[in-house]
Amino acid sequence: MSSSLLAISNLSVSFGGVEALTNVSIDVPKNSVVGLIGPNGAGKTTVLNCISGLVKSGSGTFAFEGVKREFPKPHELVDLGITRTLQGVGLFNELSVLQNVMVGADKNYKPNFMKELFGLSGKVEAGLKERAEEALAWTGATGLIGSKPSELSYPDSKRVALARALVINPKLLLLDEPAAGLGQDDIDALAALIKQIKRRCSILIVEHHVDFVRDISDSVSVLNFGKLIAAGNFDEVKRNPAVIEAYLGHTDNPDENSKLGI
Amino acid sequence: MTPFLTAFFSGTAQGAIYALVSLGLVLVWRSAGVVNFAQMGQAMFTTYIASQLIQNNYSYWSAFLIALISGAALGALVDLGLMRPLTSRKNSQLLNSQSMRTTIPVIASLGILGVLKALAGIFWAGEERGFPSPVAPNAIKIGDTSLAITGFDLFVIGTVFLTLVLTTIFFTKTGMGLAMRASALNPEVTRLSGIKVGSVRTLGWAISGIASSLAGLLVTPRTNLSPNTLDLLLIIGFTAAVVGGLSSLAGSVLGGFILGYVISFVNVYSAPENVFIAILAFLLLALFLRPQGILGSKEVRSV
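Chains A and B, in that order, are what the protein sequence lines are.
If you count the first sequence from 1, position 153 lands on 153 in our numbering, and the numbers rise without skipping.
If you count the second sequence from 1, position 29 lands on 29 in our numbering, and the numbers rise without skipping.
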């Protein structure tokens, strides 16, 4: 059993009295891919939002690399070595592809305002650029460097968004529905890429495509109505009656089991 | 000298100042989503500070520098002391509505304008006074022919040009400038990239403070300084920003120069009393032909 990188326990969140998450615990071991699945509205993205500080957690504990701390604020994530992609793409339309990725690398270089004011930051700038180019090459987006995000196809813009998340060499990558809206070829390419990325960092992935999750995940956690109903390796989880019911509403129609890829 | 050249040179010098005002407005609009009605109040106040220093026998240039620094400080102070607490979510039920969250800072900026004018009244008795220029406002002569441009005009154009070059370098070549553009475009993603969007926004207010402070220093040798002199400049600057495209820094500068020429040519070829009608007509025409502004993006800011 490898040691834990991210451990969330008993996370609860409510939005104006409605409980979005109730006592959810998730553990992401080092060097592994954890899939977070569940029906629409189960609270999967809310989990990512809590980890990345976009939603304030009601209660629960957060430990990263064995160190307990408050849930981080969004701008503190990069310092911890955590990056994420958003549902949709979230690129800056007015900036070039390269600049989009450079924004992701910015913090790593601690831009110094006074230095920059006097034009002493040429080296920093060059370093930033180099790392951004590396990340783009990694996600197969080298050819897109000079383009504007508005000129990119949807799969290409996802590559750029992924490069932006990888540019600081994160320890943990949070992916929010990376396969959504992609065709099968692009999903296969993404799966191959994620298997490569996995050698360098852990990944917590929220996803609807069950086949894709089975392909890339070491373990999965299943949410339904804000509660964790199962966790473990995919083949165990898919036989869990609670999971089947969550996906299908009932358990005894074998024809519909295909939805879960069973 | 032909009337055309007279109008052209004076339009360039005036336009340079409008470009600064417009740039200041767009900086705050883009980084904070606020139309800052206090902007020229801030400029008025820092110009009074410079004027006071000069009266106390400081040199023009040290007063100039201190005014710019106070401009930055005042801009940052407005954001840190007022805008940030006003828009922070914890504060009140009222802020739960998005429209209130965008309206309140604008109204607050009107309040700041009032406070600054009142303070100028208290400290400097609200008196109208002249403000010196570092260059004599005489027409430049080549041989016996005097040109339609004064040394002061050249000083204004040169200073603004330098400012625009520095601003362009800042926004296109530095990581901090990139961070500012990114924050304006998508604060959430920027935050996730490890950038403190709040601090970046404060920096936007500070730079806007410098730009408007500079505009105050450059316009008052011609208009004199009183608590109300710069109000007109805000209106023209705002028109320039709308014409150029509220979301575009380059557009705001372009709009400033265009307004400078419109005003100056109407002044020369028509009559000074027609200037305001001309500004209004031009604004309506521009909004009719290109509502998003000359360089503005089609995307409407969600309010």
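Calculated directly from the structure, the hints in this document are not laboratory data.
Please note that a few of the clues may not be correct.
Pair ranges (Cβ atoms, derived) [said to hold, decoys possible]:
hint, chain 1, residue 1, chain 2, residue 2, range
1, B, Ser199, A, Asp185, 40 to 48 Å
2, B, Leu65, A, Lys56, 40 to 48 Å
3, B, Leu162, A, Ala63, 49 to 57 Å
4, B, Asp144, A, Ala126, 48 to 56 Å
5, B, Met100, A, Ser25, 34 to 42 Å
6, B, Tyr60, A, Gly127, 48 to 56 Å
7, A, Glu151, B, Lys173, 47 to 55 Å
8, B, Ser99, A, Lys56, 20 to 28 Å
9, A, Asp185, B, Ser297, 30 to 38 Å
Just so you know, these numbers come straight off a predicted model, no measurement behind them.
Cβ coordinates follow ideal geometry from the N, Cα and C atoms, glycine included.
Do the hints match the structure? See the list:
1. B:Ser199 <-> A:Asp185: 40 to 48 Å: 43 Å, holds
2. B:Leu65 <-> A:Lys56: 40 to 48 Å: 44 Å, holds
3. B:Leu162 <-> A:Ala63: 49 to 57 Å: With a Cβ separation near 52 Å, Leu162 of chain B and Ala63 of chain A satisfy 49 to 57 Å, so the hint holds.
4. B:Asp144 <-> A:Ala126: 48 to 56 Å: 55 Å, holds
5. B:Met100 <-> A:Ser25: 34 to 42 Å: 38 Å, holds
6. B:Tyr60 <-> A:Gly127: 48 to 56 Å: 42 Å, violated
7. A:Glu151 <-> B:Lys173: 47 to 55 Å: Given a distance of about 23 Å, which is not inside 47 to 55 Å, the answer is violated.
8. B:Ser99 <-> A:Lys56: 20 to 28 Å: 23 Å, holds
9. A:Asp185 <-> B:Ser297: 30 to 38 Å: 33 Å, holds
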